[in-house]
Structures are given as C-alpha cells and as structure tokens.
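Order-wise, the sequence lines are chains G and D. Residue numbers 1 to 134, in the working numbering, belong to the letters of the first sequence in order. Residue numbers 1 to 321, in the working numbering, belong to the letters of the second sequence in order.
Everything labelled a hint here was simulated from the structure, so no lab data went into it. One or more hints might be untrue.
Computed far set for chain D versus chain G, every beta-carbon distance over 10 Å [stated by the list, open to error]:
#1 ARG21
#2 SER86
#3 LEU94
#4 GLY95
#5 SER113
#6 LYS158
#7 GLU184
#8 GLU212
#9 TYR249
#10 ALA255
#11 LYS259
#12 ILE262
#13 LYS283
#14 GLU311
Derived pair list, reagent style DSS-like, types lysine-lysine, alpha-carbon separation capped at 25 Å [said to hold, decoys possible]:
#15 D/LYS273 <-> D/LYS158
#16 G/LYS4 <-> D/LYS3
#17 D/LYS217 <-> D/LYS257
#18 D/LYS245 <-> D/LYS259
#19 D/LYS318 <-> D/LYS283
#20 D/LYS245 <-> D/LYS76
#21 G/LYS82 <-> D/LYS259
#22 D/LYS3 <-> G/LYS80
#23 D/LYS201 <-> D/LYS230
#24 D/LYS12 <-> G/LYS82
#25 G/LYS104 <-> G/LYS82
#26 G/LYS4 <-> G/LYS82
#27 D/LYS218 <-> D/LYS158
#28 G/LYS22 <-> G/LYS4
#29 G/LYS128 <-> G/LYS74
#30 G/LYS132 <-> G/LYS104
#31 G/LYS81 <-> G/LYS132
#32 D/LYS220 <-> D/LYS245
#33 D/LYS158 <-> D/LYS220
#34 D/LYS75 <-> G/LYS82
#35 D/LYS12 <-> G/LYS81
#36 G/LYS80 <-> D/LYS12
#37 G/LYS132 <-> D/LYS3
#38 D/LYS283 <-> D/LYS320
#39 D/LYS245 <-> G/LYS81
#40 D/LYS220 <-> D/LYS259
From the three backbone atoms N, C-alpha and C, an ideal C-beta is built for every residue, glycine too.
Here is how the chains run, residue by residue.
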Amino acid sequence: MERKIRILIAKPGLDGHDRGAKFIARALRDAGMEVIYTGIRQTPESIADTAIQEDVDFVGLSLLSGAHNVLFPKVVEELKKKGAEDIIVFGGGVIPEDDIPFLKGKGIQAVFTSGTSINDVIDFINVKMNEKNR
Amino acid sequence: MKKTDNLIENIKSGDIRSIARGISIVENGGYEREMILQGVYTEGHSYIVGITGPPGAGKSSLIDLLINKFKNYFKKVAVLAIDPSSPFTGGAILGDRIRMQRHTGDPDVYIRSMASRGHLGGISGATKDAIKVVSAAGYDLVIVETVGVGQSEIDVVKLADTTVLVLVPGLGDEIQAMKSGIMEIGDLFVINKSDRPESEKLATIVKWMVDEHYKEKKYKPPIILTSVYKNEGIEETARGIISHKDYIYENNIHAQKIKMRIEDDIRGLLEGKLNSFIEHHIKYPERIEQWVEKIYNGRSTPFDIVKDIHENLIIDVKEKI
Ligand code: B12
Ligand SMILES: Nc1nc2c(ncn2[C@@H]2O[C@H](COP(=O)(O)OP(=O)(O)OP(=O)(O)O)[C@@H](O)[C@H]2O)c(=O)[nH]1
Ligand SMILES: [Mg+2]
Chain G
1 MERKIRILIA
11 KPGLDGHDRG
21 AKFIARALRD
31 AGMEVIYTGI
41 RQTPESIADT
51 AIQEDVDFVG
61 LSLLSGAHNV
71 LFPKVVEELK
81 KKGAEDIIVF
91 GGGVIPEDDI
101 PFLKGKGIQA
111 VFTSGTSIND
121 VIDFINVKMN
131 EKNR
Chain D
1 MKKTDNLIEN
11 IKSGDIRSIA
21 RGISIVENGG
31 YEREMILQGV
41 YTEGHSYIVG
51 ITGPPGAGKS
61 SLIDLLINKF
71 KNYFKKVAVL
81 AIDPSSPFTG
91 GAILGDRIRM
101 QRHTGDPDVY
111 IRSMASRGHL
121 GGISGATKDA
131 IKVVSAAGYD
141 LVIVETVGVG
151 QSEIDVVKLA
161 DTTVLVLVPG
171 LGDEIQAMKS
181 GIMEIGDLFV
191 INKSDRPESE
201 KLATIVKWMV
211 DEHYKEKKYK
221 PPIILTSVYK
231 NEGIEETARG
241 IISHKDYIYE
251 NNIHAQKIKM
261 RIEDDIRGLL
271 EGKLNSFIEH
281 HIKYPERIEQ
291 WVEKIYNGRS
301 TPFDIVKDIH
311 ENLIIDVKEK
321 I
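Next comes chain G alone, as it looks inside the complex (with noise of 0.2 Å):
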C-alpha cells in the first residue's frame, strides 16, 4: 500500500501575506501530497494541535512578517511538549540568510527563501520521508 505523504501548510503570527503559502499547498498537491490549509493568524499552539490531529508527517511554515525566529522555533517546542517531536518542521518567505543557522539550530529542518524552486521543496519532503520510513 502506498502510504500518502500528509502535510499541514500554516501561517502562524499576525502576518497576512497568504499568496506564497497557497502556491506551496497547491504546487505539493500536484505532487500528489494531502495538505491541510488552515489559513492565517495561527498561534504556534493551535499549529501543534492541528499537526497531531491530522496525523501529518511535515509542518511547513511561512512567513513574511520578520517574526519567524520567534514563531517558528515556537511551534517546534509546542509540539515537542505534546509528544510529536517526530513530525518534521520546516519554512520559507521572507527570511534573511543570516538568520538560516539559527532557525535550524532550533530544529527547523529547511528554509526556502523567495525564489526557490519547488522541486528543491519536494525533493527534501521525499528524502525526509524515505529516512522517517527506514
């Protein structure tokens, strides 16, 4: 049986920039993932339970706003609390280079930044997964 790859796509913060979290939930759809969209303003908490109660596999986060190294590292540590450490976190929008080592060192596991390609995204879910199976 092939196990389908689920995937919430979520906006946590105030931020309202929508347009870059939709085109990655529609471009993994046509990779023939299930994303969950659950729109903008999302606090890291609610971000966490939805994560658990749709039994996804990755979290991916975005942002535009500037407040990702508060909110992101938030949503790691919400869901490390309720027991799912094991569900992958990663983001992308507008985020500056500098602040990439940072994030990772708080167990955002990618960043993709405007402009990268979608192929890039897709390739790290799949080999992700491949090593969450072995």
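Assemble chain D with the ligands onto chain G, guided by the hints.
Here is chain D with the ligands on its own, set in the frame of chain G:
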C-alpha cells in the same frame, strides 16, 4: 503483543495522537487496517450526522456553529471532513478545517480532514472505518462532511443516522437536484445563506416537494433557513437533528440502520477475503495475461474463460467437501 495492540488501547483511552494515527492506518489499508478495526469494532456507540450539499453551500461553516450547540447534547464531538483528491495526481488540498479552526484547542472536539482518494460518492473509502476509530475513542457524536456533491453522490446516507442536505439559493439547479431523487436523502433540509435574495423562493419550492413526497409518511423533514453570517437558524438545525434522532430511536429505525451496516461489514469483509482466496487459488495474476492474449487473438471470449474457471472451481470445492 502485537504492534497495534498498544495503539488500540491508546485509542480507547482517547489519546489524540493514537486516534489520528489509527485513522491514517485505516486510510492506508492492508493488514494493519484490519488489526485496528478488529480492535476498535463498535456499532451504535456514537450518533452519526452526515452533512451534504453542493460545493460552497456552507457545510463547514455550519458545522463550526453547530459544534457549540451540540455541546448541550453530547460529551465529545468528532468531525470527519472529506475533500476531493485530484484524479490526476492523487494529491488534495484539505480546506474544510479552516472554517472550524477555532475548535482546535478544545479537548472535547476532534477534527480530521480526509481526502476522497478516488472514491466516488462524496465520502472516502475509509470514512466508515474512521467513524469506528473515533467511536471507540469515546466521541458520542460524529459529524461527517461530504465532498461538495452533485446529484448522485449520496453514500453518506448509508453511514449516517441523520443526513442534513444543505442547499443554497442562486445555484439554478435546485429543480434539477430534486428531479433526481435527492429529496429522499435529507432528514433535514437546510437552506443556507438566507441573508441572500431568493432563499425564500427556494424554501417554498423545497417545501412543496417535501409536502408532496412525504404526504403519507410518519416523519416529515423540516425545512430550515439558516445564515451563518447572521448566526440564524443554527439552534433550530441542531434541534431538528435531535428530533430526528429521537424519532429514529423511538421507531426502531436506528436499530435497523445499525443492522444494515453490520450486514455491510460482513459482506465487505467476506468479499475481500473470498476474492483474494479465489484469485490465489485460480492463479489469477499468473494467468491473466494469457487469457487476455487468447481473447485478443480471437481464440476465446471472456464468457468462455470465466465459465471454464468457474466450473473447475466448483469441482475443486466439491472434492474438498
Ligand atoms: C504582495 C505583497 C503584499 C500584499 C499581500 C497579498 C497577499 N494576500 O499575500 C499586500 C499588499 C496585502 C501586502 C501588505 C503588507 N505588506 Co507586503 N508584500 C508583498 C510582496 C510585494 C510580495 C509577497 C508575495 O506575495 N510574493 C509572492 C509569493 C509567491 O512569494 P513568497 O511569499 O515569498 O513565497 C515564496 C517563498 O518565500 C517560499 N515560501 C513562502 N512560504 C513558504 C512556506 C513553505 C513551507 C515553503 C517550503 C516555502 C515557502 O516559496 C514561495 C515560492 O517561491 C512582498 C515583497 C517581497 N518581495 O516578498 C512584500 C512584503 C512581504 N510586505 C511587507 C510589508 C511590510 C507589508 C505591510 C506591513 C505593509 C504596510 N505597512 O501596510 C502589509 C502587511 C499585511 C499583513 N496583513 O500582514 C514587507 C515585509 C518586511 C519584513 N519582512 O521585514 C515586504 C518584504 C516588502 C518590503 N520589502 O518591505 N503585502
Ligand atoms: N452570504 C453567506 N455566505 C456564507 C454563509 N455560510 C457560508 N458562507 C460562505 O460560503 C463560502 C463557502 O463556505 P464553506 O463553509 O466553506 O462551504 P462548504 O459547503 O463547506 O464548501 P466545500 O466544502 O468546499 O464544498 C465561504 O466563503 C463562507 O464564508 C451564509 O450563511 N451566508
Ligand atoms: Mg467544506
């Protein structure tokens, strides 16, 4: 102890992670699915409400508001919201949840989005299984939101104790829908977006159809005008669902529905087992290509080949008895 035993125990204790994992397992099918279903098999322990209607009618928005009302009648509410899978890529965007997201932190509400995965009929093949998982976990109300349906996708009626058909004014195909027998599927008719013009007119048409169709029946579906925007008609809808629930309990209809589902369960399981047993016995995978070739070359027909297989199978069975 098997790997799934632990998971089944945790599902029954209401652990969210385990419930969610259990649903994924029944969705993905195979041997593990059967282990889980055997462990959680329950019938009749939770009340099941199906919400169906055309795309964008406001099904998810109504469920969002109904959840609060149902808190007076049920302890725990599970929502299974089905959206269509792309027939080309198999992928899906599951967006029903967006309308109900404020319930996410509530420990008494569980929301799960499911893709239809190629199943026609407005639900997914695993919806029935997912209902069993949440029932075993103690959710005494399960709400199933179907894919936005056309006229023939009414599978939810078989799984639901009460089916709510949500209609909206201005789609232009109301009459069409009624012609095709959709009148028979609603235990309640909700006319949403009543803040919009033409909803009274639609209500009149529906009322006329219902009066006509249910003339000699004991139960007559109510027609309720709702507006999510104005928060109107929601209480009436909840009460209408509860009235229908009382009606089917009092008249022994609920028990009949459950028995029908049990029969379906047996048939489905048996067919699956018999199919794989017989396919194995007649060496289907090894021989199918050869059969196709033979027919393609004009040396046989599907009827002759199947007749042959069938006769041999009967001989084999008789020898064993
Ligand atoms: C369009 C736009 C708007 C539109 C938004 C429309 C909408 N519904 O999305 C409007 C006009 C409403 C708007 C408003 C504002 N904006 Co504006 N906006 C932009 C602009 C020009 C483009 C954003 C965009 O849509 N790009 C197209 C999408 C497809 O690209 P993307 O989101 O970057 O996504 C790509 C990648 O980042 C990545 N990605 C994104 N998310 C994710 C998630 C995952 C999981 C993955 C894998 C990848 C990924 O993949 C995508 C495809 O490559 C940017 C400038 C810029 N160059 O980014 C400013 C920008 C984001 N806005 C900005 C600002 C300040 C604002 C306002 C505060 C302005 C104001 N003072 O009112 C408001 C705030 C609105 C709000 N409620 O939050 C700033 C943010 C500054 C910062 N981060 O420090 C920017 C960077 C402009 C700037 N240079 O100053 N904005
Ligand atoms: N005017 C008006 N709009 C409504 C009402 N209820 C819902 N809507 C809007 O209708 C749109 C669709 O609502 P949903 O709740 O997503 O509808 P749905 O039937 O679940 O849609 P699908 O699941 O995609 O078939 C949204 O933009 C809602 O805000 C209502 O009572 N009045
Ligand atoms: Mg919906």
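Going down the list of hints, with the structure as the test:
{"no.": "1", "hint": "ARG21", "result": "violated, 6 Å"}
{"no.": "2", "hint": "SER86", "result": "violated, 7 Å"}
{"no.": "3", "hint": "LEU94", "result": "violated, 5 Å"}
{"no.": "4", "hint": "GLY95", "result": "violated, 6 Å"}
{"no.": "5", "hint": "SER113", "result": "violated, 5 Å"}
{"no.": "6", "hint": "LYS158", "result": "holds, 24 Å"}
{"no.": "7", "hint": "GLU184", "result": "holds, 32 Å"}
{"no.": "8", "hint": "GLU212", "result": "holds, 42 Å"}
{"no.": "9", "hint": "TYR249", "result": "holds, 30 Å"}
{"no.": "10", "hint": "ALA255", "result": "holds, 32 Å"}
{"no.": "11", "hint": "LYS259", "result": "holds, 31 Å"}
{"no.": "12", "hint": "ILE262", "result": "holds, 26 Å"}
{"no.": "13", "hint": "LYS283", "result": "holds, 23 Å"}
{"no.": "14", "hint": "GLU311", "result": "holds, 34 Å"}
{"no.": "15", "hint": "D/LYS273 <-> D/LYS158", "result": "holds, 23 Å"}
{"no.": "16", "hint": "G/LYS4 <-> D/LYS3", "result": "holds, 21 Å"}
{"no.": "17", "hint": "D/LYS217 <-> D/LYS257", "result": "holds, 18 Å"}
{"no.": "18", "hint": "D/LYS245 <-> D/LYS259", "result": "holds, 17 Å"}
{"no.": "19", "hint": "D/LYS318 <-> D/LYS283", "result": "holds, 19 Å"}
{"no.": "20", "hint": "D/LYS245 <-> D/LYS76", "result": "holds, 17 Å"}
{"no.": "21", "hint": "G/LYS82 <-> D/LYS259", "result": "violated, 39 Å"}
{"no.": "22", "hint": "D/LYS3 <-> G/LYS80", "result": "holds, 23 Å"}
{"no.": "23", "hint": "D/LYS201 <-> D/LYS230", "result": "holds, 19 Å"}
{"no.": "24", "hint": "D/LYS12 <-> G/LYS82", "result": "holds, 19 Å"}
{"no.": "25", "hint": "G/LYS104 <-> G/LYS82", "result": "holds, 20 Å"}
{"no.": "26", "hint": "G/LYS4 <-> G/LYS82", "result": "holds, 23 Å"}
{"no.": "27", "hint": "D/LYS218 <-> D/LYS158", "result": "holds, 20 Å"}
{"no.": "28", "hint": "G/LYS22 <-> G/LYS4", "result": "holds, 20 Å"}
{"no.": "29", "hint": "G/LYS128 <-> G/LYS74", "result": "holds, 21 Å"}
{"no.": "30", "hint": "G/LYS132 <-> G/LYS104", "result": "holds, 19 Å"}
{"no.": "31", "hint": "G/LYS81 <-> G/LYS132", "result": "holds, 21 Å"}
{"no.": "32", "hint": "D/LYS220 <-> D/LYS245", "result": "holds, 13 Å"}
{"no.": "33", "hint": "D/LYS158 <-> D/LYS220", "result": "holds, 19 Å"}
{"no.": "34", "hint": "D/LYS75 <-> G/LYS82", "result": "holds, 23 Å"}
{"no.": "35", "hint": "D/LYS12 <-> G/LYS81", "result": "holds, 22 Å"}
{"no.": "36", "hint": "G/LYS80 <-> D/LYS12", "result": "holds, 23 Å"}
{"no.": "37", "hint": "G/LYS132 <-> D/LYS3", "result": "holds, 17 Å"}
{"no.": "38", "hint": "D/LYS283 <-> D/LYS320", "result": "holds, 18 Å"}
{"no.": "39", "hint": "D/LYS245 <-> G/LYS81", "result": "violated, 40 Å"}
{"no.": "40", "hint": "D/LYS220 <-> D/LYS259", "result": "holds, 24 Å"}
When held up to the earlier numbered hints, the structure conflicts with 1, 2, 3, 4, 5, 21, 39 and fits the remainder.
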